[in-house]
Amino acid sequence: MTPTPPTVVVVPCSGIGKTFGTVSREAAYELCEELRPKSTRLMAMAKLVLGEPAAQDLITRHPAVTIDGCKQMCASKMVKQSGGTVAREVAVLDVFRRHKNLKPEGIAELNEGGRKLARVLAEEVAESLDGMGQGVKGGGHV
Amino acid sequence: MSELLGQKVGIVACSGEELAEGTVARLAALKVLNELRPRETVTICLPLFLAGGAGDRAFARVHPTITVDGCDLRCAAHGTERYSSKPAASLVVNELVAECGLERPEGRRRLNAAGQKAVEVTAERLARMVDQVLGKKAGTLPPAEASASEPHGEEREVTCSCGSGVPVTKLEIGGKPVELVALPLIFQKFVGLGRKPDEAGAREVFETVKIYNAVPAEAEDSYREAVGREFAAYCQKEQKP
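Residue numbers (our numbering), protein chains in the order written: chain A, 1 to 142; chain B, 143 to 383.
Some hints here could point you the wrong way.
To be verified - According to the in silico footprint, chain B covers these stretches of chain A (three or more CB under 8 Å from chain B): (1) 11 to 19; (2) 23 to 29; (3) 33 to 46; (4) 71 to 80.
Everything labelled a hint here was simulated from the structure, so no lab data went into it. C-beta atoms are modelled at their ideal positions from N, C-alpha and C, and glycine is treated no differently.
Kindly produce the complete structure, drawing on both the sequences and the hints.
Right under this line is the structure:
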């Protein structure tokens, strides 16, 4: 019997006005709904801003993956400020630099390049999570 | 205080990724910002109040804000009030949906038809709230008022994925680097009122600077002097053809 993988909390950027914020959100949905629905849990960053008790509890008990849309790295900072452990810290821009053919456009609705970039990002994170079965020891960049 | 940024309202959306109502809040905010009231609104991501700099925390002191939340947790409303300033108005999507007798939205990633309808209704309500906050009658706004001209000489905050930013100026005061928010906007306002960089003008400017920035009592004289110098330089630049 395969051991149950640990739950990982996924916190995307909550930017509403730029494409990279939308890519981060789309990647988080792709990861949590399609690729690793059983071992991940999406968390809205707004709850951490508010200090909502259930969110605080969850973030301190489980490792987190943060997906940020810009260099302010709000998601990563918020998880750390909330007492959580950032197991994987992803910046959309870094992933785009490695996949420049996938140029994202659109905010409310991503173009095909944006959707593919989100998929690639989510796949990279999913693969990295598969190696986390032995527990998280500090963070790392994807 | 909205006169500092040419009568603009800040929209802060919860962006709650876990719920369809959060998606409704985000898309409705975007519709107001980009389509319904593009000249009258600006935005900031909620987390920037904590993760950003002084300019982000001053956001609600510079703009009157309207928050739009997906659910009763009201993260945007409470977060804005806690870390910046009390919102001028607030809206909660699930309450609005119930009030209007709409079907509950579904599909946090891709909204269903009820969700799309909720976006329309929420955006229209938000736009009306913007008009109310600005003291204008709904539907009577001019289509494209010229936005405030770019302020001079400031170093703008790095804008983030929400595309916002309040200007922050770095000054050396008492031998230390200090960040002051909204200086160019304050200067612009007082120059527009015909104030000069004399003692009276500098005093008025400094009183306004203190509204938006924390000035330590023991360093007030140094701050006043530095702001006065900056105001004089701004006025000199303004006079050049």
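We went through each hint and held it up to the structure:
1. 11 to 19: n = 7 at 8 Å, threshold three: holds.
2. 23 to 29: With 5 residues close enough to chain B, the hint holds.
3. 33 to 46: Result for this restraint: holds, n = 6.
4. 71 to 80: holds (count 7)
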